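If you're matching them up, the sequences are chains A and B in order.
If you want my numbering, it's the 1-based position in the first sequence plus 131.
If you want my numbering, it's the 1-based position in the second sequence plus 932.
These aren't lab readings, by the way, just hints derived from the structure by calculation.
Wrong hints could be hidden among the right ones.
To be verified - Simulated pairs of lysine to any residue, SDA-like, Cα-Cα distance not exceeding 25 Å:
1. 170/A <-> 962/B
2. 1026/B <-> 205/A
3. 170/A <-> 966/B
4. 170/A <-> 946/B
Said to hold, decoys possible - Derived contacts from chain B toward chain A, CB cut-off under 7 Å, selection only:
5. 956
6. 1007
7. 1021
Bear in mind the structure is a predicted one, so any value in this text is a computation, not a measurement.
Think of the CB as a built atom: it goes at the ideal place given N, C-alpha and C, for glycine as much as any other residue.
Now for the letters of each chain:
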Amino acid sequence: MLETAAYWVIGIGLAFDLFGCIGLVRLPDVYNRAQAATKCVTLGTCMILLGVVLLGFAGGNAPMGVKALLCAAFILLTSPVGAHAICRGAYISGVPLWSGSVEDTFVERAKTIRDEQPKEGPVQGEKA
Amino acid sequence: MNVAFLEPFLYVAMGVLMLGSLLCLYRIGRGPTAPDRTVAIDILGTLMVGFCCVTALWPHNVDAEGIPNFQDYFMTIAIAWALTSFIGTLALAKYLEGRCYDA
């Protein structure tokens, strides 16, 4: 019973992983790619880890299950943060939105952030 | 535990994950801008955790009662990989934010 559930959960997680990677290839710009791929792959990998938890408890290997649970918690916390940081960096470095995008509410804030950045760093080998 | 079903299932799982990794590699190689490549690297790091899970479940040595001996140290590797990949992603994101080129 637990084992069958584990196989189903791992299978659904693999499907999510594959769909996320297809989104990474098919979608038009960085922001679309990041949101599709991050959401799908985070959920997919967490479901694979949940399947490992179930198989670990069913097969009498509880430490493996606990480690997989810990890993799922880490991924749920870190993956959205990483994707958000990449998209923020992409916007501030000036990567354009897709031509079909309809709304952009980050324009002024990004301009402020860009203005606050130092224009030129100290040149190597030269006294600042 | 049904080991006869586990092994072909894991072969299929490995194949699906490899297909996903190939799509990520396509985006890393092709990606028109640097953030595209960075997103693909982040996703590849998360897929590696999935690879670690599949490898941890691989039934190498089955004991007399038919219970496979899982390699649970691969889950430790998965935790370490998730954290390292997160730190690498943050470093690349800070680098992108600082470079301000005109696109």
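Verification of the supplied hints:
| no. | hint | result |
| --- | --- | --- |
| 1 | 170/A <-> 962/B | holds, 22 Å |
| 2 | 1026/B <-> 205/A | holds, 21 Å |
| 3 | 170/A <-> 966/B | holds, 20 Å |
| 4 | 170/A <-> 946/B | holds, 21 Å |
| 5 | 956 | holds, 6 Å |
| 6 | 1007 | holds, 4 Å |
| 7 | 1021 | holds, 4 Å |
Taken one by one, the earlier hints all hold for this structure without exception.
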